Amino acid sequence: MPTLPELQRSFARALCGRETTALGLVDSMPARLEIYANTRRATLTQALALTFPAVRALVGAPFFDAMAWAFAATTPPASAYLNDYGARLPRFLRRYEPAASLIYLADVARLEWAVSRACHAPDAPRWDPRELSALDPGDLSGVIFIAHPSVATLRLAYPADRIWRAVLEQDEAAMRAIDLAAGPVHVLVERDPEDQVRVCRLLPSAWQFTRRLLAGQPLFQALAPAAESAAATLGEHLAAGRFIGCRPDRDRGDPSP
Amino acid sequence: MSHPNGRVLTSRPVPAQAGIGLRFPHPEAVSATRTRVAFLEVHAENYFGGGVTRRCLERVRRDYPLSVHGVGLSLGSAEPLSAAHLARLAELVRAIDPALVSEHLSWSISGATYLADLLPLPMTEEALEVVCRHVERAQEVLGRRILLENPSAYVRFEHSPIPEWEFLAAVAARTGCRLLCDINNVFVTAHNLGGDPNQYVDALAPALIEEIHLAGHAQRTCPQGRSILIDHHGSAVDPAVWALYQRALRRWGAKPTLIEWDTDLPPLSVLVQEAHTAERYLAHAAGAARADAA
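As you go down the protein sequences, you meet chains V and E in turn. So the first sequence is numbered by this note's numbering: it starts at 78 and just counts up by one. So the second sequence is numbered by this note's numbering: it starts at 398 and just counts up by one.
Take the hints with a grain of salt, since some may be wrong.
Going by beta-carbon spacing under 7 angstroms, a handful of chain V positions derived as facing chain E [stated by the list, open to error]:
id: 1; residue: R86
id: 2; residue: L102
id: 3; residue: R117
id: 4; residue: S156
id: 5; residue: N160
id: 6; residue: R268
id: 7; residue: P270
A short list of chain V residues far from chain E (calculated; beta carbon distances all over 12 angstroms) [unchecked claim]:
id: 8; residue: P79
id: 9; residue: D104
id: 10; residue: P175
id: 11; residue: P199
id: 12; residue: D216
id: 13; residue: A224
id: 14; residue: L257
No lab work stands behind these hints: they were computed from the structure. Note that this is a predicted model, so its numbers are computed, not measured. Each residue gets a CB set at the ideal place from its N, CA and C atoms; glycine is no exception.
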């Protein structure tokens with residue numbers, strides 16, 4: 078008699094189409110296992126459709142469902158927290174032959190994933206930048222800012238932000254005006270203190286600086302390569318509530334707590 | 398419980414009346430119109446994150462008693478519970494402090510892959526030990542008792558010697574958990590696997606039941622010609638399920654009852670209508686109990 082782990086591994090293989098039947102079942106006819114397999118397929122494609130609505134609108138529902146299912150077959154979710162499922166879809170799309178003609182599709186998916194992360198990121202109390210005054214003045218240049226968990230930066234080879242917006246707003250004129258050859262765009266994605274998800278473009282230098290700050294580099298180090306406009310960018314981030322705290326750079330050998 | 402705005406929330410109990418499962422896009426309409434239902438139930442996993450969905454849950458939580466229904470803990474998996482999933486559930490339960498927290502007598506994870514359905518367990522001593530261990534662990538991390546729900550099933554295991562109602566009662570006895578009886582699932586499983594739904598309802602101890610679920614099912618015909626019922630939560634409650642529900646109320650007395658509708662979601666008013674039908678049966682059961690006591 079098979080053990081529970083054996084039964085479950087076998088059932089899982091049958092559900093994923095790797096075996097035609099499962100161990101230990103009386104009614105192991107395919108028609109009955111298919112009920113579970115159909116629910117699985119519907120649940121996973123629906124979850125991806127909710128996270129990637131612009132990708133779905135760009136390719137159409139039947140194409141999207143087939144693509145989502147091809148993705149789910151190779152990259153199933155690890156948990157039932159399905160808002161957290163789809164991180165690897167953009168990379169999958171880059172190699173997905175049937176969509177190869179839509180050169181910007183993977184970039185739109187990358188943006189939608191960042192938007193979804195921003196939407197569902199855990200809550201974190203916003204921070205009053207006046208707390209910077211509590212730092213030892215000697216620590217200021219080495220301060221490390223802690224970003225709100227919703228904040229992310231993306232460099233997109235195509236204007237996926239404009240495509241995303243035009244598709245979701247069904248704005249044909251904006252769609253026609255998009256210039257795919259305009260060069261890369263640098264965006265910041267966040268959930269603002271009013272819980273609205275925002276996507277905004279940054280200048281490349283401001284984006285580079287922001288990226289270094291978000292990676293946890295101390296201020297002096299983030300500033301070093303391109304200091305022009307950095308003060309204004311930092312001011313914007315602080316005013317927009319994109320940081321939830323700061324700490325002195327411990328690696329500088331500062332013994333103060 | 399303290400709240401960001403300084404308010405103190407106290408968990409309002411779910412009354413022995415009828416509520417509805419709250420699904421997108423209904424939350425706004427429910428908040429705006431103060432829909433007349435006794436309580437609301439949400440799927441835990443839809444509210445794990447922060448932001449607007451969490452704000453929405455906090456809003457309905459202020460106006461209605463709330464039940465949090467998990468679909469992904471996979472209490473029946475032979476492998477250990479996902480610590481990350483349990484931690485997210487615990488965070489939600491701490492923040493919202495719902496009146497009820499429930500999960501399923503099923504499994505959905507194997508080899509760290511989520512299989513996206515509530516899969517059936519063989520009713521064996523081995524499975525009973527696994528489920529009890531996981532229910533205990535969940536209750537320990539959540540710091541509260543949970544309700545365990547009977548699933549719907551389409552396949553039967555060759556070796557499954559314990560009747561499901563006995564299995565559920567044993568989990569309750571060993572772990573202190575209580576039961577959520579899905580009347581539609583009792584009906585669907587009995588039809589699909591052979592069995593008497595009345596016997597199932599009669600065998601459950603009334604004191605263990607803290608909630609009832611009702612939902613619609615669909616009928617399909619297998620290639621072999623046999624009819625099979627699919628628990629799709631996409632239609633009105635079937636008359637035969639209403640009849641089984643009335644039998645359950647006669648045996649158990651009035652219990653908090655939830656209308657679930659997850660696919661082909663109709664307007665909110667249709668769900669409320671179903672809840673009001675349940676409400677009439679509940680009032681009748683409560684009246685009968687008072688007459689008995691007098």
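**Request:** Determine which of the earlier numbered hints do not hold for this structure and return their numbers in increasing order.
**Result:** Violated hints (numbers, rising): 7, 8, 9 and 11; every other hint is consistent with the structure.
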